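The sequence shown maps to residues 57 to 447 in my numbering.
Worth flagging that the hints you see were computed from the coordinates, not collected in a lab. Model, not experiment: these values are computed from the prediction. Keep in mind that a hint or two might mislead.
Straight-line C-alpha distance at most 30 Å; calculated DSSO-like pairs for lysine-lysine [said to hold, decoys possible]:
(1) Lys215 - Lys237
(2) Lys136 - Lys215
(3) Lys215 - Lys170
(4) Lys238 - Lys196
(5) Lys170 - Lys238
(6) Lys330 - Lys347
(7) Lys275 - Lys352
(8) Lys347 - Lys136
(9) Lys238 - Lys208
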Amino acid sequence: MKEETTTTISSPGTFPMRDLNNLYALQSTLECALEGKCVPCCYKIANFDVAQDLEVVRKCPNQRPEMCPRDFSKSEQISKPEDVGYDADMNCLLLGDGDFSFSLALARMLRRDKFDDKKSNHSTCMEDNLPLFIATSYEKESTLLNVYPDIKGTIDELKSLGVKVCFQVDATNIAQSLSEKKGLEKTRLRLFQRIIWNFPCTAINNGQDGQNQDMEKNKELVSRFVCDAATLLASDGEIHMAHKTKPPYNQWNICDIALSNLPVGVDDRYMKYKYRVVLDRSCFPPYRPRKALDKKSFSCHDACIYVFCWNVADNDDLKLKTQDRKISDKEIMEVNEDIIQRIRRVALNLGGNRALKYKRKRAKALNHCDSRQMKNKNVNKLSCINIKDKR
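Modelling step: build the complete structure from the supplied sequences, incorporating the hints.
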């Protein structure tokens, strides 16, 4: 299964567009693109590219994600858990979270109401009978403190929200890694409703991110991760992996390799690829994707969250458990050709308006410049006349 190839639409007057197979977007992202006329959200959903739609790229270039009107990175506004497929009763496990900013986004979303008093002592989630929330990194704590200048404050806030923060956790050997951490010796007995790893990649040199020459290693890493994570996934749980979709990353074929090593039919169930959702980081402030061991962020407007879950079609007990989670898909919408065409029209109109404003501004500037030049010429003439009169 190819993940992000260009789909050519044969009907007249149309254009090449991204692969729409099993592609969804959050309701808030679609509304921002179509009603809010937000350029970054248009690009997130339609994935405009020079090789795919040169007209849009030229007329309406992409903008920084901070230009989205819903970017809450500098405010206290937080998304509602149900708007992005979570609820406060879920056990959550996050792996390889660079500077822990995604963990912080989720923790604020799920825990802030329960931990208004940050001075309270919340040593372990299990002792407080709260859902388990674990944020992990593959690196040592000292390494992260050296790379990310603000991470100490992030870790402190996570702990104040009852999150267990762990270092040197191997995403391909999760249970064993966690069992070695203080307070998590019995993690093997707990199952998670969400297991998340954004932009998985092998351990590499500073500042690099999933280079093409490491593709086979990264594909093997993804396969081993899903195989291991499945042992900790609840019957109603989901594995989420955010990943870029433009070349060379589309060649990873995540949908296929993620499930390649899983045993089929264990306990009368098997894991399946559910769908992918356009990643909208505006819904997860203050999340910033970071390069490996580098404080620099990287562009991810083409990224999607790939969702894997247990198949429940033939198991009534699993169906009931899934329904009991009270998580529906009403907050996401399938992205189809009509939506892409509507977004394209919005982008072209925005580009046309921007071009018109630029022309008007330029004409005004030129008129102002001409006026100043004429004024200077008149001043020079007057100066010459005054000099002649004095002679």
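Of the hints given before, which are not true for this structure? Failing hints: none at all.
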